[in-house]
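Enquirer: Spelled out, the chains give:
There are 2 protein chains.
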Amino acid sequence: MTIIAPGGRIGILGGGQLGRMLAAAAAELGFTCHIYCPDADAPAMDVAAAGTRAAYEDAEALARFADSVDVVTYEFENVPAETARILAEHAPVRPGVAALATAQDRSVEKNFLASHGIATAPFADVDDERSLAAAIEAIGTPAILKTRRFGYDGKGQAKIATPSEARAAFDAIGRAPAILEGFVPFEREISVVVARGLDGKTAAYDPVENVHKHHILDRTFAPAMLAPTLADDARAIAAKIVDELDYVGVMGVEMFVLPEGTAPRLLVNEVAPRVHNSGHWTQDACLVSQFEQHIRAICGWPLGDPKRHSDAVMTNLIGGDADRWLQIAAEGDTALHLYGKAEARPGRKMGHATRLYPLGTLRPDTSR
Amino acid sequence: MTIIAPGGRIGILGGGQLGRMLAAAAAELGFTCHIYCPDADAPAMDVAAAGTRAAYEDAEALARFADSVDVVTYEFENVPAETARILAEHAPVRPGVAALATAQDRSVEKNFLASHGIATAPFADVDDERSLAAAIEAIGTPAILKTRRFGYDGKGQAKIATPSEARAAFDAIGRAPAILEGFVPFEREISVVVARGLDGKTAAYDPVENVHKHHILDRTFAPAMLAPTLADDARAIAAKIVDELDYVGVMGVEMFVLPEGTAPRLLVNEVAPRVHNSGHWTQDACLVSQFEQHIRAICGWPLGDPKRHSDAVMTNLIGGDADRWLQIAAEGDTALHLYGKAEARPGRKMGHATRLYPLGTLRPDTSR
Chain A
0 MTIIAPGGRI
10 GILGGGQLGR
20 MLAAAAAELG
30 FTCHIYCPDA
40 DAPAMDVAAA
50 GTRAAYEDAE
60 ALARFADSVD
70 VVTYEFENVP
80 AETARILAEH
90 APVRPGVAAL
100 ATAQDRSVEK
110 NFLASHGIAT
120 APFADVDDER
130 SLAAAIEAIG
140 TPAILKTRRF
150 GYDGKGQAKI
160 ATPSEARAAF
170 DAIGRAPAIL
180 EGFVPFEREI
190 SVVVARGLDG
200 KTAAYDPVEN
210 VHKHHILDRT
220 FAPAMLAPTL
230 ADDARAIAAK
240 IVDELDYVGV
250 MGVEMFVLPE
260 GTAPRLLVNE
270 VAPRVHNSGH
280 WTQDACLVSQ
290 FEQHIRAICG
300 WPLGDPKRHS
310 DAVMTNLIGG
320 DADRWLQIAA
330 EGDTALHLYG
340 KAEARPGRKM
350 GHATRLYPLG
360 TLRPDTSR
Chain B
0 MTIIAPGGRI
10 GILGGGQLGR
20 MLAAAAAELG
30 FTCHIYCPDA
40 DAPAMDVAAA
50 GTRAAYEDAE
60 ALARFADSVD
70 VVTYEFENVP
80 AETARILAEH
90 APVRPGVAAL
100 ATAQDRSVEK
110 NFLASHGIAT
120 APFADVDDER
130 SLAAAIEAIG
140 TPAILKTRRF
150 GYDGKGQAKI
160 ATPSEARAAF
170 DAIGRAPAIL
180 EGFVPFEREI
190 SVVVARGLDG
200 KTAAYDPVEN
210 VHKHHILDRT
220 FAPAMLAPTL
230 ADDARAIAAK
240 IVDELDYVGV
250 MGVEMFVLPE
260 GTAPRLLVNE
270 VAPRVHNSGH
280 WTQDACLVSQ
290 FEQHIRAICG
300 WPLGDPKRHS
310 DAVMTNLIGG
320 DADRWLQIAA
330 EGDTALHLYG
340 KAEARPGRKM
350 GHATRLYPLG
360 TLRPDTSR
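Protein chains in written order, with numbering that gives the first Met the number 0: chain A, 0 to 367; chain B, 0 to 367.
Hints were generated in silico from the structure; no laboratory data involved.
Possibly wrong hints are sitting among the right ones.
The list makes no distinction among identical chains, and a pair is therefore deemed to hold if it is satisfied within one copy or across any two copies.
[Stated by the list, open to error] Only pairs whose alpha carbons sit at most 16 Å apart, straight line, appear in this in silico EDC-like list of lysine to aspartate or glutamate:
(1) Lys154 with Asp170
(2) Lys212 with Glu188
(3) Lys154 with Asp66
(4) Lys348 with Glu88
(5) Lys306 with Asp332
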């Protein structure tokens with residue numbers, strides 16, 4: 000097991016806000032970062048020592064990039080398999096290629112979870128109209144059709160209220176390979192941000208509750224209002240997933256909480272093999288943020304203590320929300336984080352604000 | 000009063016750890032930074048969008064630098080007057096040139112404080128042997144001879160235990176223009192990190208206690224163990240100083256605390272017109288760090304709330320101390336900050352570690 004010492008260089012694939020916050024956290028520990036990103040507007044480059052602007056298919060640029068760093072990580076799960084393979088020939092890639100392959104495909108992911116006894120919503124593969132009909136027969140409606148790959152923030156999804164809507168839904172997702180997921184009558188959505196070190200140790204932040212708006216995360220409440228045993232169960236599920244994947248780094252595990260009297264109470268919705276939007280509150284309410292935790296993990300350092308010193312509510316600033324920066328900056332107990340993006344397009348994550356509350360005082364108002 | 004909006008560019012003179020931490024804080028608020036520094040080993044450049052490596056006397060490079068940014072600030076008080084003058088022709092310089100001039104010269108600084116009724120140790124100007132003799136006559140011994148300019152971390156100082164040592168002390172400081180300062184029997188050294196916004200509002204962090212080793216700050220205890228009225232007095236003195244200077248930005252104000260029964264109890268030792276080593280604990284124990292506070296002030300933003308959510312002890316990692324990074328990273332409740340400096344020379348500040356304690360539980364052990 001190689002530990003990467005301060006002064007080492009970390010390669011980050013992707014130049015968005017997650018890469019930016021990873022780079023800032025890495026610098027705090029004495030590392031320098033090299034960002035690899037095809038986009039012109041790559042805010043992570045503004046806080047990194049080096050940058051390469053090239054396509055994810057540019058084998059030569061990828062090799063040069065990986066040769067210049069001690070470890071490669073990424074801010075998004077849709078790293079092409081061939082990209083990951085080339086990088087791995089030149090530097091350790093963490094989290095590893097197997098975790099990427101699992102998380103990139105909803106069918107593979109759900110089958111992986113099921114094979115390890117981790118409950119999910121019922122699901123079936125859909126490749127064509129015939130398998131779609133069979134899936135609806137097996138799972139029933141209402142259900143959601145989701146592309147196996149490249150879905151995020153509600154993209155690549157279509158609801159099927161009755162069997163007659165099936166074909167239109169399949170058209171809506173471009174007839175891409177998909178899974179059909181049964182609707183589950185969940186009470187709330189929670190997530191656990193968990194880390195696993197090179198030494199196999201795990202550390203999970205407290206489960207948080209997430210509220211979405213237009214399929215995009217709107218607010219995260221830390222902690223989620225869960226019975227202590229249920230919170231322990233959520234942490235244990237997240238730890239089991241990273242253990243079974245022999246994972247190194249931070250992972251976001253989204254779960255549904257079902258009503259009391261149901262068994263099991265927790266279903267895993269999806270996993271993200273990276274730092275996660277629902278973990279941004281850790282920057283301000285924990286001594287070691289999810290970004291530092293990820294850097295610690297991929298560098299072979301001991302994981303930091305995930306405990307929180309404050310309760311917190313994180314609110315995403317989407318599109319024009321960030322125009323309120325001056326008002327937010329004047330609010331007490333509130334930390335403002337802006338991503339330095341050039342253009343505030345609708346639906347684009349421009350920043351977030353985290354409001355702190357004394358430990359143990361938060362009673363979420365999820366009415367909004 | 001112009002407010003600089005996110006997306007604006009901040010120019011920072013100096014590429015060391017303070018510039019680095021300022022740049023990181025600026026990025027969090029959506030700004031980009033341009034570092035100006037003559038040194039090859041300038042860790043601030045690693046987290047900034049742009050950098051200029053040029054001498055502080057290079058008028059053309061300075062003008063180009065200042066033209067490229069919305070505001071200029073600095074990480075060290077010894078900015079040459081001519082440098083500041085050139086910059087100010089091209090961009091607002093904050094804190095302003097007057098504050099720099101006052102803080103660069105111990106005699107000017109002490110006279111400024113005295114003229115506003117702020118107590119200091121007794122002092123007298125020393126320009127030659129004759130004025131040295133007169134100063135010793137007036138102030139007595141023991142006393143300390145300090146160069147008027149360019150002193151820091153105990154450099155440019157010589158102790159005079161008895162009048163017979165005066166000449167050797169004057170030689171030791173290179174016969175530079177100096178002041179003689181009377182010894183004060185202080186109980187402890189404290190500091191207040193205070194900020195003043197463009198709108199004239201001030202905000203002071205809690206006074207902290209500082210323990211030095213070999214004339215370099217070793218540890219800071221937040222808060223200092225002071226009676227509440229004395230802590231209020233310390234904050235009020237710091238606020239008065241920034242008000243009287245019409246200052247914009249963060250300032251570190253070092254004070255001596257004299258034993259009970261003495262009046263006044265607080266003497267100002269010196270002021271630093273910049274973010275201050277004794278304010279590093281605010282990164283981890285406050286929602287708004289001194290670095291963010293400085294950026295808010297110089298950009299015309301409302302100041303953040305300086306309250307702390309935890310008690311803290313900050314320990315500087317000097318020279319080889321930083322070799323212990325792996326042990327420190329494994330300590331609970333401890334945040335490690337490394338500056339990314341290439342070479343760990345003796346006496347060089349390489350990083351710091353801040354240990355948090357629940358609010359109200361810290362009882363400093365200053366025995367070390």
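Enquirer: Against the earlier hints, flag every one the structure doesn't satisfy and list their numbers going up.
Expert: 3 and 4
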